[in-house]
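Visitor: Work out the full structure: start from the sequences and follow the hints.
Protein chains: 2
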Amino acid sequence: MNDLSRLSLNQISIKQWSLAQAIEGCARHGIGHVGIWRDKLAEQPVTQTVRQLNDAGIKVSSLCRGGFFSAPTATARAAQIADNRKAIEECAAISSPLLVLVCGPANGQSLGEARNTVAESIAELVPFAKSHNVQLSIEPLHPMYAAERSVIVTLAQATDIALQLPADTVGVVADVFHIWWDPLVHTEIARAGKRILGFHVSDWLVPLPDLLLGRGLMGEGVIDIRSLRQSVEDAGYSGPIEVEIFNQSLWNENPDAALRRIAEAYLHHV
Amino acid sequence: MNDLSRLSLNQISIKQWSLAQAIEGCARHGIGHVGIWRDKLAEQPVTQTVRQLNDAGIKVSSLCRGGFFSAPTATARAAQIADNRKAIEECAAISSPLLVLVCGPANGQSLGEARNTVAESIAELVPFAKSHNVQLSIEPLHPMYAAERSVIVTLAQATDIALQLPADTVGVVADVFHIWWDPLVHTEIARAGKRILGFHVSDWLVPLPDLLLGRGLMGEGVIDIRSLRQSVEDAGYSGPIEVEIFNQSLWNENPDAALRRIAEAYLHHV
Chain A
1 MNDLSRLSLN QISIKQWSLA QAIEGCARHG IGHVGIWRDK LAEQPVTQTV
51 RQLNDAGIKV SSLCRGGFFS APTATARAAQ IADNRKAIEE CAAISSPLLV
101 LVCGPANGQS LGEARNTVAE SIAELVPFAK SHNVQLSIEP LHPMYAAERS
151 VIVTLAQATD IALQLPADTV GVVADVFHIW WDPLVHTEIA RAGKRILGFH
201 VSDWLVPLPD LLLGRGLMGE GVIDIRSLRQ SVEDAGYSGP IEVEIFNQSL
251 WNENPDAALR RIAEAYLHHV
Chain B
1 MNDLSRLSLN QISIKQWSLA QAIEGCARHG IGHVGIWRDK LAEQPVTQTV
51 RQLNDAGIKV SSLCRGGFFS APTATARAAQ IADNRKAIEE CAAISSPLLV
101 LVCGPANGQS LGEARNTVAE SIAELVPFAK SHNVQLSIEP LHPMYAAERS
151 VIVTLAQATD IALQLPADTV GVVADVFHIW WDPLVHTEIA RAGKRILGFH
201 VSDWLVPLPD LLLGRGLMGE GVIDIRSLRQ SVEDAGYSGP IEVEIFNQSL
251 WNENPDAALR RIAEAYLHHV
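Protein chains in written order, with the numbering used here: chain A, 1 to 270; chain B, 1 to 270.
Hints should not be assumed to be uniformly reliable.
[What the hints assert, rightly or not] Restraint-style ranges between C-beta atoms, simulated for each label pair:
#1 A:Gly193 x B:Gln164: 24 to 34 Å
#2 B:Leu4 x A:Leu212: 33 to 43 Å
#3 A:Asn116 x B:Leu267: 53 to 63 Å
[To be verified] Derived list of chain A stretches under chain B, where covered just means 3 residues or more per stretch with a C-beta under 8 Å from a C-beta of chain B:
#4 108-121
#5 138-146
#6 149-160
#7 177-185
#8 205-212
Worth flagging that the hints you see were computed from the coordinates, not collected in a lab. Beta carbons: idealized from backbone N, C-alpha and C, even for Gly.
Guide: Next comes the structure, spelled out in structure tokens:
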């Protein structure tokens with residue numbers, strides 16, 4: 001049933017490649033989508049990136065990442081909003097349909113205040129995103145990142161925020177690494193429904209080698225990826241499936257060999 | 001408002017002490033409760049432990065731990081039930097009112113199957129626990145332990161299981177390290193109400209030094225312990241507050257100095 005037509009290479013999986021190399025690599029391996037990171041995007045003129053994408057026939061599945069909304073002062077929060085506007089403009093420039101939002105830690109606010117700041121900030125960005133034809137996709141992170149990366153830690157929370165905002169502009173990303181443990185995951189995927197704007201895959205290794213850089217290739221860990229994909233598709237999602245793996249050993253590999261392993265793992269376990 | 005009257009030393013916090021040393025240490029520092037681990041309990045005859053506890057005037061707040069219910073075969077699951085019965089007998093022997101249940105990973109079952117096995121196993125233990133006057137307290141662990149230690153990862157899940165079973169025999173443990181990230185934590189503490197049989201404290205360090213051995217002393221991390229204690233007390237809990245810290249550097253310290261630091265942190269941050 002599987003082929004590579006929906007596979008997207010999230011750039012972080014092969015961080016050793018520049019953006020130009022990642023685009024060429026995707027083309028070489030028959031992968032039609034790429035998830036781009038902002039630091040990589042900044043490596044070269046955007047016009048050059050757009051030309052390379054067009055020449056290679058590669059589509060952008062998402063830009064990583066906006067977010068990090070909470071801050072102790074109104075000035076600092078405004079600076080974050082401004083940076084998110086810049087990210088939305090970058091999405092528009094490279095025809096990325098999505099800006100992935102990693103919402104950030106409490107960063108000087110209480111957990112409750114920070115969660116309110118996140119919801120308010122996303123609401124504030126809606127008109128700008130809409131006018132740029134970019135969708136804001138809230139990615140709940142695993143609760144082990146609550147202190148340092150995201151006060152949004154469950155799909156339920158992300159969906160609750162999204163459902164308060166226009167359906168054409170705000171949705172969620174379902175990343176199996178972040179949500180597999182949740183007893184409500186299948187229910188919440190169904191509830192998110194058409195608000196699911198992205199689906200990310202990797203695996204949870206046992207034991208987990210590292211909090212940040214210990215994600216596995218699909219099939220190497222304990223996540224029942226197939227059942228999550230099924231739920232996401234039952235909910236109506238049929239877009240690109242991004243492979244997003246933070247793993248030091250993958251970064252140490254020959255990039256083409258690593259991409260071959262990613263494609264194999266995708267074909268067999270997603 | 002604070003004193004040491006409700007503080008319980010969970011033995012793991014000062015693992016370098018034997019059980020006999022921990023009992024003497026608690027007495028020396030004016031701490032009236034101890035949470036005992038089964039491997040430490042096995043160090044000496046139970047009658048000796050009971051005599052030492054009585055002589056020192058120290059009460060047992062809980063025994064750690066039962067659980068680990070899921071297994072691929074019925075035989076293996078039955079062996080786990082048998083071991084839990086043994087743990088209940090140990091509780092009765094040392095007058096521990098509680099057996100803390102760390103419910104275990106999926107261990108060869110699917111997540112859903114494993115969660116059913118947990119609920120069924122606890123139900124099966126109820127008559128035996130009741131006849132020994134021991135309460136079974138389900139401790140949800142942080143979702144980062146879902147693959148290796150507990151398929152029960154939210155207070156909501158633990159409470160759902162407990163509420164199906166007799167109120168005099170089954171409840172939950174609220175451990176701030178495991179539940180602080182949960183957007184529903186205060187709501188779920190209120191819902192658990194009188195089913196809360198234990199309250200554990202430590203802190204979440206930033207950055208987290210280690211998945212297992214990186215818990216901090218209260219006040220060293222980001223958890224709003226006071227607000228969680230308030231919710232737990234509003235829910236009706238007035239029992240011992242166990243300090244349960246897994247931290248290698250605390251284990252390397254002089255045990256009396258470590259216990260002084262624990263008592264100080266308790267007085268200032270719980």
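Visitor: Evaluate each hint against the coordinates.
Guide: Results of checking the hints against the structure:
| no. | hint | in the structure |
| --- | --- | --- |
| 1 | A:Gly193 x B:Gln164: 24 to 34 Å | holds (30 Å) |
| 2 | B:Leu4 x A:Leu212: 33 to 43 Å | holds (38 Å) |
| 3 | A:Asn116 x B:Leu267: 53 to 63 Å | violated (32 Å) |
| 4 | 108-121 | holds (count 3) |
| 5 | 138-146 | holds (count 4) |
| 6 | 149-160 | holds (count 4) |
| 7 | 177-185 | holds (count 4) |
| 8 | 205-212 | holds (count 4) |
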